[in-house]
Amino acid sequence: MPRRSADRRIKWMILLTPTLTIGLWEYVRHVFLLPYMSMEMGNFLAPFIVLGVTLTLVRGLFARLEQSQAELQRERAVSGALEEREKLARELHDGIAQSLFLLAVKLDKLDRTAAEGERKVLEMSGELKETVRVMHDDVRQAIENLRQPPTAAEAAWVVPLRELLEETAGVTEAEAEFRWTIKDEALSNKEKVELHACLREALINVRKHANASKVIVTGEPEENGGFRCTVEDDGVGFSGDPLAVYGRFGLRMVRDRATRMGWTFAAERRADRTVVEIAKPGGRRS
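For the sequence shown, the UniProt record's numbering begins at 1 and goes up steadily by one.
I should point out that these hints are in silico values taken from the structure, not numbers from a laboratory.
Since we're looking at a predicted model, the values are computed, not measured.
Treat the hints with caution; some may be incorrect.
Using 35 Å as the maximum straight-line C-alpha spacing, the simulated DSBU-like pairs for lysine-lysine come out as follows [stated by the list, open to error]:
| no. | residue 1 | residue 2 |
| --- | --- | --- |
| 1 | LYS192 | LYS214 |
| 2 | LYS190 | LYS214 |
| 3 | LYS11 | LYS190 |
| 4 | LYS208 | LYS11 |
| 5 | LYS208 | LYS183 |
| 6 | LYS214 | LYS183 |
| 7 | LYS190 | LYS208 |
| 8 | LYS192 | LYS208 |
| 9 | LYS214 | LYS11 |
So the derived label-pair ranges between C-beta atoms look like this [unchecked claim]:
| no. | residue 1 | residue 2 | range |
| --- | --- | --- | --- |
| 10 | GLU26 | ARG76 | 41 to 49 Å |
| 11 | LEU24 | PHE62 | 14 to 22 Å |
| 12 | TRP157 | THR54 | 46 to 54 Å |
| 13 | ASN189 | ASP256 | 14 to 22 Å |
Backbone N, C-alpha and C define an ideal beta-carbon position, used for all residues, glycine too.
Could you build the full structure based on these sequences and the hints that come with them?
Written out as structure tokens, the structure is:
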């Protein structure tokens, strides 16, 4: 409701600004400027004054209205996604979970009715009950996960990064770890595109050259709107300046992208790991 009220005020200001501008201009012209300006000159200047106000004040109002509408659309999308997750959770609970519970009850009844000499029946019943219990626990966990809001690592633009990390780990037979806590709304669309491209190139570089047994991707928020992202691996590393190696363009592309965005870039050996780090200083939004 507060957002709708603010949007309504902006729309009224957009509608009234040209009228108020003309009214104010006519008042000033007749009260203060009439001895110095002819009617023809005043009429000639009026549309230019309205145009000037439109290009400044009204244009700014339109920008605020568009931003508010975009934020409203994002909120609706998130709300719709949460509603779908809740609906799916209800369907799992009302269907599969209850069916599994009923099956477990029937297996317990089978145990009670089986004769003590029917050992194989009892053994099979026990195995089935264990399987049902595991499935039931998995479904309950899935329901619980669906009812929780999506985490920062589940943002739509972050998912391909996690998938690329898992793919890289699969190709190199390495262990993968994904630690992502940067909230989706903390980054502009441009920042998401550029950061995704930087981390993707760093991961491809690991796949091609590192021969690593462990790869870690980290995204952490910093104070005042900044962030720090790293791609770490325990592979063969590099000697000297990795940006000066002939025929290697990947890290140089990452550095150039980060520099254009006003971010910091580092590629270095730390202890037994190679670390590519991209960081945005706090206090500014690209």
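LYS11 and LYS190: Cα distance at most 35 Å? Status holds; Cα separation ~28 Å.
Would you check the hint for LYS214 and LYS183, treating anything up to 35 Å between C-alpha atoms as holding? 25 Å, holds
Tell me if the beta carbons of GLU26 and ARG76 are separated by a distance inside 41 to 49 Å. Check passed, 43 Å falls within 41 to 49 Å.
Please verify whether LYS208 and LYS183 have alpha carbons no more than 35 Å apart. 30 Å, holds
For the pair TRP157 and THR54, does the Cβ-Cβ distance stay inside 46 to 54 Å? The hint (46 to 54 Å, Cβ to Cβ) is violated, given that TRP157 and THR54 are roughly 36 Å apart.
Within 35 Å, alpha carbon to alpha carbon, are LYS190 and LYS208? 27 Å, holds
Starting from the hint 14 to 22 Å, judge whether the C-beta atoms of ASN189 and ASP256 obey it. Cβ of ASN189 to Cβ of ASP256: about 20 Å, so the range 14 to 22 Å holds.
Hint check: LYS190 vs LYS214, CA-CA at most 35 Å. Holds or violated? 30 Å, holds
Checking one constraint from the list: CA of LYS214 to CA of LYS11, max 35 Å. Satisfied? Violated, because 55 Å separates the two Cα atoms, which is more than 35 Å.
35 Å limit on alpha-carbon distance, applied to hinted pair LYS192 and LYS208: 24 Å, holds
Is the hinted pair LYS208 and LYS11 satisfied, with a Cα-Cα distance of at most 35 Å? It is violated: about 55 Å lies between the C-alpha atoms, which goes past 35 Å.
Hint check for PHE62 and LEU24 - Cβ pair distance inside 14 to 22 Å: 21 Å, holds
Hint violations for this structure: numbers 4, 9, 12, all remaining hints satisfied.
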